[in-house]
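J.: These are the residues of each chain, in order.
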Amino acid sequence: MTETRPRSRKSPYPLWFFIPAAIIYGVLFLVPTVSSLWFSLTRWDLSTAEFIGFENFQQFFSEPFLVKGLVNTLIYAVATSGLKTVCGLLLAVLLTGNIFARGFLRTLVFFPVLVSTIGIGITFTVMMHPTRGIINVTLEALGIPGPGWLTNPALALFSVALVDVWKGVGLATLIFIAGLAAISPDYYEAARIDGATRLQQFFRITLPLVRPATLVVVTLSLIGGLRSFDLIWAMTRGGPGFSSDVIASVIYKQYQAGFYGLSTAGNVILFALIAVIILPITLWFNRREVEE
Amino acid sequence: MTHRIKRILAGASTLLALVAAGPSQAETTLSFLIDNNPDTVAAAEALVAAYQTKAPDVTIEIEQRPGGGEGDNIIKTRLATGEMSDVFLYNSGSLLQALKPAQTLVDLTGLPSQAKVDKSFKAVVSADSKLYGVPFGTAMAGGILYNRKIYQDLGLSVPKTWADFMANNAKVKASGKVAVAQTYRDTWTSQLFVLADYYNLHAAVPNFAADYTANKAKYAETPAAMKGFERLKDVHDAGLMNEDFGAASYDDGLKMVATGEAAHYPMLSFAVGALKQNYPENLGDVGFFAQPSDDAATNGLTVWMPPGLYVPLTSQHAEEARKFVDFAGSVEGCKIMVDTNAVQGPSLVDGCDLPADVPPAIKDMLPYFEAEGKTTPALEFVSPVKGPALEQITVEVGSGIRQPAEAAKLYDEDVRKQAKQLGLPNW
Chain A
36 MTETRPRSRK SPYPLWFFIP AAIIYGVLFL VPTVSSLWFS LTRWDLSTAE
86 FIGFENFQQF FSEPFLVKGL VNTLIYAVAT SGLKTVCGLL LAVLLTGNIF
136 ARGFLRTLVF FPVLVSTIGI GITFTVMMHP TRGIINVTLE ALGIPGPGWL
186 TNPALALFSV ALVDVWKGVG LATLIFIAGL AAISPDYYEA ARIDGATRLQ
236 QFFRITLPLV RPATLVVVTL SLIGGLRSFD LIWAMTRGGP GFSSDVIASV
286 IYKQYQAGFY GLSTAGNVIL FALIAVIILP ITLWFNRREV EE
Chain B
57 MTHRIKRILA GASTLLALVA AGPSQAETTL SFLIDNNPDT VAAAEALVAA
107 YQTKAPDVTI EIEQRPGGGE GDNIIKTRLA TGEMSDVFLY NSGSLLQALK
157 PAQTLVDLTG LPSQAKVDKS FKAVVSADSK LYGVPFGTAM AGGILYNRKI
207 YQDLGLSVPK TWADFMANNA KVKASGKVAV AQTYRDTWTS QLFVLADYYN
257 LHAAVPNFAA DYTANKAKYA ETPAAMKGFE RLKDVHDAGL MNEDFGAASY
307 DDGLKMVATG EAAHYPMLSF AVGALKQNYP ENLGDVGFFA QPSDDAATNG
357 LTVWMPPGLY VPLTSQHAEE ARKFVDFAGS VEGCKIMVDT NAVQGPSLVD
407 GCDLPADVPP AIKDMLPYFE AEGKTTPALE FVSPVKGPAL EQITVEVGSG
457 IRQPAEAAKL YDEDVRKQAK QLGLPNW
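Protein sequences, first through last, are from chains A and B.
For the working numbering, count along the first sequence from 1 and bump the result up by 35.
For the working numbering, count along the second sequence from 1 and bump the result up by 56.
In case anyone wonders, no lab produced these hints; they're calculated from the structure.
Please note: incorrect hints may appear among the correct ones.
List time: in silico EDC-like cross-link candidates among lysine to aspartate or glutamate, alpha-carbon distance up to 20 angstroms [claimed, not checked]: (1) A:K103 to B:D468; (2) B:K476 to A:E224; (3) A:K103 to B:E469; (4) B:K156 to A:E85; (5) A:K103 to B:E462; (6) B:K476 to A:E90.
Per the computed footprint, the stretches of chain A lying under chain B, defined by three or more beta-carbons under 8 angstroms from a beta-carbon of chain B, are [what the hints assert, rightly or not]: (7) 72-86; (8) 184-194; (9) 274-281.
Distance windows between CB atoms, simulated [claimed, not checked]: (10) A:T68 to B:L422: 53 to 63 angstroms; (11) A:F145 to B:K227: 36 to 46 angstroms; (12) A:L65 to B:N92: 35 to 45 angstroms; (13) B:E117 to A:L129: 33 to 43 angstroms; (14) A:P180 to B:A230: 21 to 31 angstroms; (15) B:A374 to A:A307: 22 to 32 angstroms; (16) B:G479 to A:L109: 28 to 38 angstroms; (17) A:A189 to B:G479: 37 to 47 angstroms; (18) A:A307 to B:G340: 54 to 64 angstroms; (19) B:N92 to A:V148: 28 to 38 angstroms; (20) B:K272 to A:F96: 25 to 35 angstroms.
Beta carbons are placed, not taken as given, at the ideal position from N, Cα and C, and that holds for glycine.
From just these sequences and the hints, can you work out the full model?
T.: Dropping the structure here:
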């Protein structure tokens, strides 16, 4: 595919035109990236850095909870991304339909996106308290014993993921609404004349034509999920024990302990992980788009 | 128009400069960084107020930082970037060693106040036989806070052995109260059964600290060291804890033991300060005892040293800062702090006596200090090695997620990482 693309077209701008942008890019992006690669190979206490080769990476991978953190990160990213995509699309279909108080309902869905993540984390921590939280108090009133949402090691990660979906689904919905609006109503009209049911219209017209929006939502929410930290930290601090630790919280804990080189190595690993997961997905989505 | 504004501005700024420069020529402003614990703030403010009457040419500005790991980070970052305040408050012992005092702090060996400071404190603020800090506050101990009313009502006596303790717990549970308050929302509180067991460990294996630092002894291979983890599991398995132990906070724990909702709360005696502040009417109901051991003959306290005041090498006013720190470490300074706050244990400055009306929890501690060999400093004051993940591991054991033997092994791993990062020999 790449070969068919014209390799180097002559740029209409002279070279010096790029210099200001290149300086900004270099200072803000290249220097930190290269220096963090360097610091990940050192034992670093912020004032002195001693070169120790790949020892930090070795240590990071022998970290007993890295594997758990890695698995948790993937579960969290896939779960939040999947739910955001599915719920976002359904909500978008609902909110582009001809329903009562559409503008107000759209605002309502988008509202949680605007609220501070830490604020949401603290609020839900209080609401999910095993004995005094409003969720379990309500469940109890209905005669259902509520679980320890954040204190049960098997549940904690999923509870946080659900809150993350609730918080982030508004953005996905918004992107899908934009995608749906770009689909020409002619298709639906033609389909209706051909006698297609609502369900057929959704699967045969909406779903394929909303692919660019889906790509954006999946990529954004997957990246967000992979590097997710603030909500998890506000709600569980990776606990109970290590059961809701993700890579980002493992990295943060190394930083907190003063292991700066080690935590930088963790960041390099996270960077590589995101690249390895997102790149093929983007390529795959793009290729499908070209093929169709 | 613009010309006039310029002239007015120029005139005004000259005037301002004159006013500002006039009287303050000889004045020095010292910055003083403390944590945001209300007790600390009150003590620091009293100390500063007293010092400023003695040295009116010095202004001291107090800055606050958060506690816990976040605070550690601020200290380390500011020290490394040369942004540290002229005087700062920080832990003694292993956490101080992580700051590399010999390379970052001003030597305070020659301060006159050091003559009266207890040698046990000097040991935890020294490096390369130089002293880097003066004590801020009193010593404290790790053990178990208990509700004296519950003990009275149920006719219980202070346990000397773990078996007695568990028997008491069973009786408390039978009476419908919470036997042991646990508060894993604030994960650090989960470590007490392990950390406060160090007196018992030290009694059983006197060489443990040295061997552990030299990578010769391990938690997982020392049965006495594993006891702390086993005690956590005992309490969990017997179902003695508050139902919401996973979500309860430190303050919930204090409330439970102060108001008689729970009989025991394993804690450091510094909690007495918070108890005095938040539950003053219940302060008299809270007592304290050392963590029981397997044998009644072994019964002593694991002691925590107070934090210290330090002066960084980067300070522009090191001479004035030394004078202030000297004042804080003197008998007078110590008395100011003792009078401002609830006492947490015995004072470490000779001649700075405790007031007569200390709360019962503190009174309970004093006999241990008066007897010979009934106290030992906590492991983190005799060894630079302390793994950062201990609090998560103890939460796991205390919640029944992980078994003690496995937890000890995991903690050894965590410790190995820290020792390597500190660049200790033999690791």
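J.: Take the hints in turn and mark each one as holding or not.
T.: Going down the list of hints, with the structure as the test:
no., hint, in the structure
1, A:K103 to B:D468, "18 angstroms, holds"
2, B:K476 to A:E224, "70 angstroms, violated"
3, A:K103 to B:E469, "16 angstroms, holds"
4, B:K156 to A:E85, "15 angstroms, holds"
5, A:K103 to B:E462, "16 angstroms, holds"
6, B:K476 to A:E90, "10 angstroms, holds"
7, 72-86, "holds (count 5)"
8, 184-194, "holds (count 4)"
9, 274-281, "holds (count 5)"
10, A:T68 to B:L422: 53 to 63 angstroms, "58 angstroms, holds"
11, A:F145 to B:K227: 36 to 46 angstroms, "57 angstroms, violated"
12, A:L65 to B:N92: 35 to 45 angstroms, "38 angstroms, holds"
13, B:E117 to A:L129: 33 to 43 angstroms, "57 angstroms, violated"
14, A:P180 to B:A230: 21 to 31 angstroms, "24 angstroms, holds"
15, B:A374 to A:A307: 22 to 32 angstroms, "45 angstroms, violated"
16, B:G479 to A:L109: 28 to 38 angstroms, "34 angstroms, holds"
17, A:A189 to B:G479: 37 to 47 angstroms, "39 angstroms, holds"
18, A:A307 to B:G340: 54 to 64 angstroms, "59 angstroms, holds"
19, B:N92 to A:V148: 28 to 38 angstroms, "32 angstroms, holds"
20, B:K272 to A:F96: 25 to 35 angstroms, "27 angstroms, holds"
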